[in-house]
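Participant: Model the full structure from these sequences, guided by the hints.
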Amino acid sequence: METFLFWLFAIVGVGCGIMVVFHRNPMSSAIYLVVTMLCLAGFYALLAGPFVAVIQVLVYAGAVMVLILFVIMMLNLREETLEREGSIVTWILAGLIGLVLVVAVLPPFPRTPASAPEPAFGTIEEVGNKLFTVYLLPFELTSVLLLVAIIGAVILAKRRML
Amino acid sequence: MAGRTEDQETHMDATALLDSTGALLPHMTVLVTGLVILTLDLFLTPRSRYLNEVVGLIGLLLAFLFTLSTAGAPRQVFMAMAVVDYLGAFFNATFLLIAALTILLSASYVRREGVSVGEYYALILFATTGFMFVAAAADLIMVFLAIETLSIATYILAGLLREDPRSQEAAFKYFMLGVLSSAFFLYGIATIYGALGNTNLVHLAQVLGQGDFSPLLLMGMALLIVGLGFKVAVVPFHMWAPDVYEGAPTTVTAFMTAGPKAAAFAAFLRVFFQGFTTPEMVQHWAPIFAFLAALTMILGNFVAIAQQSLKRMLAYSSIAHAGYAFVALVAHNALGASSILYYLVAYTLMSLGAFTVLMVVARREGPLYAFDDYAGLGTTHPLLAAMMALFMFALAGFPPTAGFAGKFYVFSAAVQAGYYGLALIGVLTSVVSVVYYTRVVMLMYMREPNGAPPIPRLAPTTMAVLGITAVGILYMGIFPGGIMRLAEHSVAFLFQAKM
Amino acid sequence: MIPIPHYLTVSAILFTTGAIGVLMRRNALIVLMSLELMLNAVNLSFVAYARLHQDMGGHVFVFLSITVAAAEAAVGLAILLTIFRARATVDVDNLHLLQR
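Chains as they are written, first to last, in our numbering: chain A, 920 to 1081; chain B, 116 to 614; chain C, 13 to 112.
The set of hints was computed from the structure by calculation and includes no laboratory data.
For clarity, every value in this text was computed on a predicted model and none was experimentally measured.
Where is the CB? At the ideal position from N, CA and C, for every residue including glycine.
Don't take every hint at face value.
Partial selection, computed: residues in chain B whose CB lies under 7 Å from chain A [unchecked claim]:
#, residue
1, His126
2, Asp128
3, Tyr165
4, Met194
5, Glu234
6, Met257
7, Leu260
8, Thr264
9, Ile267
10, Ile271
11, Gln321
12, Gly324
Facilitator: Take a look at the structure:
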């Protein structure tokens, strides 16, 4: 069962990931990206990470992608204005370079198999525990980062200068 | 918990929390100042807008005082996420100086260009908070988050002239390549996490010191180099810098050449001088750094000669200077580490001074930042021209300026570590740089004024920036010992114990 | 169970695909989405390594990484909006006022 799910998510995920990059219409790319993210959420669930799986769906696929889709629709690009980008040859070349890069980036992998995790691994309690004790400072710094992003989004995107 | 000693607690109690917060008081102060400005700006009238700058400067001064009081022997706070030591204190002082000079510099500029004042200063201060957290990072996740904070703030600042298409372009290009480099950096962190089980830098050094070496670590290191290389704009990761520096508002460019660069070097020091610090590891990254430094010095200086716009020339000059500073990283010794610190302070002063003159002389109509604006400046505005000449000579590395002393220390460190070729390249490219720096000086003094509209009277804040930077450059050039001693003291702990 | 290296391979493939997208595509929105793809790929590595080391730190990193990516997406879209308002196009190759 687990093997089946892994290969399902892997093939669909990688396939849709490639389609994100290669499709002409940004709207389609966005949908493919959503599917890829859902496959990743499936991976997280397989890897004993229920909390991050849910967060992936809620925040990434649910909020970030919706935002991107809003902007795509707002910009209202029509199909005719989208031309083919780059020749076939360039893409094949890019694909080959990509293949080389994947092999180069494939790290020398740890061979020892992972032991079975404790039942509480990856749950929201465990994440919360770590987040507010060990990782308290990164958490607080992230709040500053969010504030900066909010300021930026507002002053860059607002209509008239206040 | 992997990576933490058994006798460490699993969480902080109240005293530890208070102690940790107290140690990071400088950082908190800058953050709070930003928040205060953000809120205060809602209630200010155009006449009282100057309070923004006042509050900002007071906050920075407070932070500086806290920096002095919290500096001490290295100690880890916040569950080994941050570290407070003299190195951090030195960097904090540098960042606070950059922020203060930028605030002074921006005072007349933001009113002239109609930028939203409160948010501008708040972003500058939040970026500064990011700088300071980079210097205080003891864990790779903190380095990442701090760099992201300062980067996002800078993306926004670059695009603040919303009506100016070049500002928009600069913001987007910076954003695109900035996030790309962050992705590489994050992948590097993930790989190191995979090798170690945690991302603490001190633990990384311990593991390496015990000879426990995994190829995953090498790969992670390479990815980190790519990620950080973009931020500091060394060749071949420099492509974004000329366009972004040219398009961004001038005060933001000045800020960007000083702040994020210094922060990136702080990250290099923390990651490579505290993390990947064993001799075996140094043998892996030092040659790479040497190669990057050589490329950067050569390309930065030669391309600068061909530039038609002073702003773009200064952008390539900034790339070249990052190359010089990189040479000091290659020389993994005490002189190398302290000379980086000295060089960063010197470069801050030179760059901010030059950009101040740029901002003052820029004409609103016609090609901005063209060289012709400077023709005959020696006759029309002698004091301003003299300042610019000083900044140009300092950047070129003439004695008795800080530029000369900085390069001297950096190249000496390289020679000390045996990198004679690199030092030679450094000296030769410095000679080449004289060509384009003196071009400005000759324009100012040997050409007739071309009837350009007169420069309006300088605001007192602008004059203050020019004064501080000029005096600083001369002081550091004539009496380099003071700052160098501080720098040496700050990095001493890096080379004390043999790892 | 599935060996961890399998997950890391998928992560590497997605990361490289995203990188190709950033460098090759002209449409700024797709560039943005490619960047998000890269960040997602790194998150997968984090979770896989966390499973290997039985350490919750990886999950916390992913949590923070998703937050950062969301913030960056918002800012990137805001920048895109300013460009689009002036030019009615999001073709990256049109951004050539600043010489290359």
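Participant: Does each hint hold? Answer for all of them.
Facilitator: A quick look at each hint next to the structure:
The interface hint given for B/His126 holds, since its Cβ lies 4 Å from the closest Cβ of chain A, which is under the 7 Å cut-off. The restraint placing B/Asp128 at the interface with chain A is violated, with a minimum CB-CB distance near 11 Å, outside the 7 Å limit. Using the Cβ-Cβ criterion of 7 Å, the hint placing B/Tyr165 at the interface with chain A is not satisfied: the shortest such distance is roughly 19 Å. Residue-level restraint check for B/Met194 holds (minimum Cβ-Cβ distance to chain A is 5 Å; threshold 7 Å).
This hint holds: B/Glu234 has a C-beta 5 Å from the nearest C-beta of chain A, less than the 7 Å allowed. The interface hint given for B/Met257 is met, as the beta carbon of that residue sits about 6 Å from the closest beta carbon of chain A, less than 7 Å. A least Cβ separation of about 5 Å between B/Leu260 and chain A falls short of the 7 Å threshold, and the interface hint therefore holds. Taking 7 Å as the C-beta cut-off, the interface hint given for B/Thr264 holds, the closest approach to chain A being about 4 Å.
Taken as an interface hint, B/Ile267 checks out: its beta carbon lies about 5 Å from the nearest beta carbon of chain A, inside 7 Å. Annotation: B/Ile271 was flagged as interfacial toward chain A, and the flag holds, the nearest CB pair being 4 Å apart, inside 7 Å. Taking 7 Å as the C-beta contact cut-off toward chain A, the hint placing B/Gln321 at the interface is violated, the least distance being around 18 Å. Checking B/Gly324 against chain A: minimum C-beta separation of about 21 Å lies over 7 Å; hint violated.
When the structure is compared with the earlier hints, violations turn up for hints 2, 3, 11, 12 and for no others.
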